[in-house]
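J.: Produce the entire structure from the sequences given, and follow the hints as far as they go.
Chains as they are written, first to last, in this note's numbering: chain A, 1 to 399; chain B, 1001 to 1399; chain C, 2001 to 2399; chain D, 3001 to 3399.
Please keep in mind that the hints were generated in silico from the structure rather than gathered at the bench. Some hints could be false.
Quick partial rundown of chain D residues pointing at chain C, CB under 8 Å, derived from the structure [unchecked claim]:
#: 1; residue: Ala3073
#: 2; residue: Ser3083
#: 3; residue: Ala3103
#: 4; residue: Lys3127
#: 5; residue: His3128
Virtual Cβ for every residue (Gly too), placed ideally from N, Cα, C.
4 protein chains.
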Amino acid sequence: MDRNIRVERLIETPIEQQEIEIVERKGIGHPDSIADGLAETVSRALCNLYNDTCGTILHHNTDQVEIVAGRSAPAYKGGDLISPIYVLLNGRATNEFEGKVIATDTTAIEAARIFLKETIPNINPEKHIIVDCKLGAGSTDLQDVFKRGRAPLANDTSFGVGFAPLSETENLTYTTERFMLETLKKRGLAAIGEDIKVMGFREGNAINLTIACAIIGKYVDDLDSYLSIKEEITEKILDRSAKYTDRDVNVIVNAADNIEKGSVYLTVTGTSAEMGDDGSVGRGNRCNGLITPHRPMSMEAASGKNPINHSGKIYNLVSNKIAHEVTKKVPGIQDIYIRILSCIGRPIDQPLVASAQIIPEDGADMTLIEREATVIMDEWLADITRITEMLAEGTIKTF
Amino acid sequence: MDRNIRVERLIETPIEQQEIEIVERKGIGHPDSIADGLAETVSRALCNLYNDTCGTILHHNTDQVEIVAGRSAPAYKGGDLISPIYVLLNGRATNEFEGKVIATDTTAIEAARIFLKETIPNINPEKHIIVDCKLGAGSTDLQDVFKRGRAPLANDTSFGVGFAPLSETENLTYTTERFMLETLKKRGLAAIGEDIKVMGFREGNAINLTIACAIIGKYVDDLDSYLSIKEEITEKILDRSAKYTDRDVNVIVNAADNIEKGSVYLTVTGTSAEMGDDGSVGRGNRCNGLITPHRPMSMEAASGKNPINHSGKIYNLVSNKIAHEVTKKVPGIQDIYIRILSCIGRPIDQPLVASAQIIPEDGADMTLIEREATVIMDEWLADITRITEMLAEGTIKTF
Amino acid sequence: MDRNIRVERLIETPIEQQEIEIVERKGIGHPDSIADGLAETVSRALCNLYNDTCGTILHHNTDQVEIVAGRSAPAYKGGDLISPIYVLLNGRATNEFEGKVIATDTTAIEAARIFLKETIPNINPEKHIIVDCKLGAGSTDLQDVFKRGRAPLANDTSFGVGFAPLSETENLTYTTERFMLETLKKRGLAAIGEDIKVMGFREGNAINLTIACAIIGKYVDDLDSYLSIKEEITEKILDRSAKYTDRDVNVIVNAADNIEKGSVYLTVTGTSAEMGDDGSVGRGNRCNGLITPHRPMSMEAASGKNPINHSGKIYNLVSNKIAHEVTKKVPGIQDIYIRILSCIGRPIDQPLVASAQIIPEDGADMTLIEREATVIMDEWLADITRITEMLAEGTIKTF
Amino acid sequence: MDRNIRVERLIETPIEQQEIEIVERKGIGHPDSIADGLAETVSRALCNLYNDTCGTILHHNTDQVEIVAGRSAPAYKGGDLISPIYVLLNGRATNEFEGKVIATDTTAIEAARIFLKETIPNINPEKHIIVDCKLGAGSTDLQDVFKRGRAPLANDTSFGVGFAPLSETENLTYTTERFMLETLKKRGLAAIGEDIKVMGFREGNAINLTIACAIIGKYVDDLDSYLSIKEEITEKILDRSAKYTDRDVNVIVNAADNIEKGSVYLTVTGTSAEMGDDGSVGRGNRCNGLITPHRPMSMEAASGKNPINHSGKIYNLVSNKIAHEVTKKVPGIQDIYIRILSCIGRPIDQPLVASAQIIPEDGADMTLIEREATVIMDEWLADITRITEMLAEGTIKTF
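T.: In structure tokens form, the structure reads like this:
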């Protein structure tokens, strides 16, 4: 079995030692993330529908979700939407198989509406959202019918990338958004909206976290209350950051607020999609949840792509899995970069190349690293259909 | 005050004495009626919104609702929709007034979704329907702002018509649909869908009621069960009809069924909008709930038209009101036909002409009839804004 | 062959002797007429496509066209559209037949764009119009495949109506619109837009023609020029009318103009669809080109309905054909009303009833009339597929 | 003026010396590139419209274009589209300014239709395309009104990246697509479609160019003709490549073709958007025309973003300009990476940081490089509004 696995030593200033680092995370309520989330949710719902009704996953791509922003009139203690957020579920899905029609459209709509209710709880789905669906009819090439353990043929010539470990700034950027939603919001700061954007910027040993956070008007009494919420968020993030880094951390929340004019980042629902900010699949976070311009990235819009033979999606996911497993199991690695390239029509367990670039620690045994990394890469590629299963189960994230 | 009221004696074979009569009623779940119902519901919701937020009703026309049919896989004991029914709320509504923005779009969507749930209870609004909204921004001419008792200026040169009383066949056609939904369905025949079309055809003294009735699969076990439901419906309608007419009544339900092929009128939701039948405003019943080719009719799509100064809508409604009141209060009338024509820019209480054509009974006092009919017509026209109020309250029907 | 042809003498004041008559014609550029025209044009283009590629006409219904108005900034000597007119081609069409795919969507779009260019020449189709197409996939029941001379089965229980001859007011209303476009516009009054609405109202021996006519700004220099164009139109129509009737004729053009405010009916393109007026199929003229509330009418949206077995469409057209032929060939008829009712599933040459109501002239031989009318009705019904052919050829009008 | 310019020496294996390189270019007819091209074309048309009517560029973002694929029946010597390609122009644009309405929608549609005709000449715009437009109304903050030389305030906290020079593989990948369209197609290979995707993959000293190229059926007689066209393309590219690199070059065109089955990459129009491949803005090439996973990249969808104060767009463009100018003017640089980060609300000529990472050649004078690079960066930032002008003129590419 030819996998063309190539492990290469890379000479490079490790990320932590570079002067400047820029990292971005778009939180789950950012319009681009909502689009990604819907695309992947609909794909997962279709996987389950296909498994239930046909015993296998059929071909589909639901990666063309569009969020067209609404229009809102936010207010302290309340506010309402004037025009709804318009969600277009787009793409293609097999809706006939062996003479049976399959309820792809209605399944997609239901899954999308449930996702929106769960993800942005302050949206009233009966009046604030239009979920439209224009899934075209796709067809399933029988040779690509998903069978556990047998690799289907790559749909295209494309690549995936991954790296590990996350740098301190990357980690902080990622976890700050999670902390705000999972901890601060749940422990009383209900005003925190799901639309959070964290821009991490490290300059030497100073880390700046510039945070845009939609504040939900109905939980805020007035401008004073707004300001004290911002202050509390800032302090809590500073406290938390101190536990995770020795570097100086600076936090700014909603830098564009103009207090004199009373112009602040207030929303009705907690997402800027209610007022002017559209969203698209594939414009936001990469599969590891971050945008990292100084690291290898793929442009692939992974969310919503078919999980069977879309090599771009699958290779991005498996590259990150490999990178993390290698750094965890193999000692002596500072940074590892994985790139995997498919060839259209060739089984996806046999890429054109699977490359690892490794920056070893001083004195590390590169021969050992190479051997062990190769084994791990080979195992993941041999078991590539496991990624498909994890996607159908929802146990792996795409954004 | 010039109302140009004209009462004329009409020489004409009264409808009951004509050989042939054709009458149609599209029930509330027929796609065209759903469109009418949504158009009027949205208009009413906007009236209430405007009254609440601005103290008066502002300009709007919501009469462009489109129902694009879905695709279904009906089955005994169940079935599901493959593709949803797409509902487009279209038209125009004032969304800014005296510096205030008004939540017309979200109000329209919410009202439409509630209407659909109530009207077609077997639709699952979370997966079977897309409610889209493309209400354009309208504007309100200040001189037309609604004030009780002061007639606004007609928006156009258009007319309304009405007649009374209903003939026996008209009555039977209308009430048969009501009886099926309000009595039969509620007393156990849950399988009766809301999409009922009754075609009444009288030939001399024989009345044929050809009924198309969507049957809801989940309440039906199998073909035998379907057939016995049809039989029960047929018998109950025959029994009931016998109480209301001495003519021979013949009832046929779902004439297109092909029992051998097992091809019958089975649905998932109770409306043919789930499978292939689109609907539009203004194509179905006239304001009196019927389509009557042998009677004066207007082409006006009344549902959803603005209730303030849309003369076509208002004159159709008031014409029917007048016709019924005159036949009720003035003795000696066999048939009365009302036609009222507006002149654009002239107050709607001053039509270009308000005409009554009357077929008196033998020996009736035509002078008396003329005088009393004129009084009633004058009163209704003088109090024309009452129609606007009844529309906002929902106490008058448009289809 | 049972056609259940019934001829009945009707006692009724003939229309010319009634006191009041109201007649309306919406010209070819009225938004509702544009919708009708597009629906029928697309149907005809599909008929030709089907004939060319499959040798027969396949099933389709293209009667759900919607015109959503644009937004314009009209001006003397120029003006432009701000937002385009949106045209939605909707309905259903068979796009696969005997293993062949058929280019229904692209054919529909091309036909619609050509129709719009020809019908409203001052529209710039590259920037003023969006032609969208959401034709659903239909299917063709093989037993309905069109074969010359063999009547297909009725698609539904529905009816058509027709009458003849046109009254003087009806005639004048109809021909005035034609005269404005075909004569006045072509002979120099280029400013006349295609969106003309004529409301004819006869009160005794006085006929009022209230005309709304979109004036095209680029052919008008200023307000004075506008007023003299209106004056010329008015005079020319009065001159012409005098040749066709001895009654007094009164003509008002653009009654809603407010000269002091300079508010007049100026457009960029010649249709009010450019600014606020939406259009739908089936809301305008009946198959004879008129709306006549005092005459039998059907609510059928004939334009765009399939020309093979849609009994509502076919019976409306054939009813008018019959009415005109009978009045032309059979002496002694003042008014004739035709109504034909289909039964779903029964061949369309065998209606449930084909009724003629006749008001004879004094002294006419009713027995003879009855016999000859019956023959003519029978011939038309026997040759009912001729209507289908005329529709495919475009030699019969639906609005 | 604080620009926080930071120049840093980077220790890194230069790209040419790394073992593996992966580079991708999506040609101008790839659905994602069509989306990018439309987004940018519409933005440019609006810039010109605003300049003409208001004397300045007003706020807009037209970066939400969606291409929904059509359905085609390609054939040798011909073929046709069954369903059209649907293009949605989405985003926001100021359509009122100082009391004037601005024809943004119609201008956008016209620009888009012209672009499509020029970019994909084998598309028939009268039947193969729907150009829909749902540009929301935006508004222009007066402080951001574009004035030459005065830097507006950043719209967001975002960054841009750039690098230079292109590696040999990057160069070859980019120019191969250009060569195919600009040279081969123009010199007789008319069958080459505009939808070309080149995947460059270097493994040591072997460069593989995997090319997917839509072939236009009407210029191809049969399968043999198709194969000889492929052969000619392959040879011409090999010949040309030999002039630009000493490395071994391998070229594969349309790897997924299955000759036995006769299944090849044939199209009607030259783009896969005609059959199943949707397109979105921002998923394809970065501002330098390439996707380069081993190089710093931004996720920014630059095309269609407003050219005045959208820091993400402007910084990506200026970063590439800086990188190229520095490598051209300053000797001794192997690779340079530029990253610029904005702060919302701060003038865009004063970024939070402007970082250059430089891999010098052996023996280069890093102090000199640092000084000169700083000067060039400062100049470009000081003159940042020049980028806005170049965008309005169309003299700078975004994809």
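J.: So, for every hint listed, does it hold in this structure?
T.: Against the structure, the hints:
The interface hint given for alanine 3073(D) is met, as the beta carbon of that residue sits about 6 Å from the closest beta carbon of chain C, less than 8 Å. For serine 3083(D), the shortest C-beta to C-beta distance to chain C is roughly 4 Å, which falls under 8 Å, so the interface hint holds. Hint status for alanine 3103(D): holds, given a least beta-carbon distance of 5 Å to chain C, under 8 Å. A hinted interface residue such as lysine 3127(D) counts as satisfied when its beta carbon comes closer than 8 Å to some beta carbon of chain C; here the least separation is about 4 Å, so the hint holds.
A cut of 8 Å between beta carbons decides the hint on histidine 3128(D): the least distance to chain C is about 6 Å, and the hint holds.
Figure legend: structure checked against the earlier numbered hints; every hint is met.
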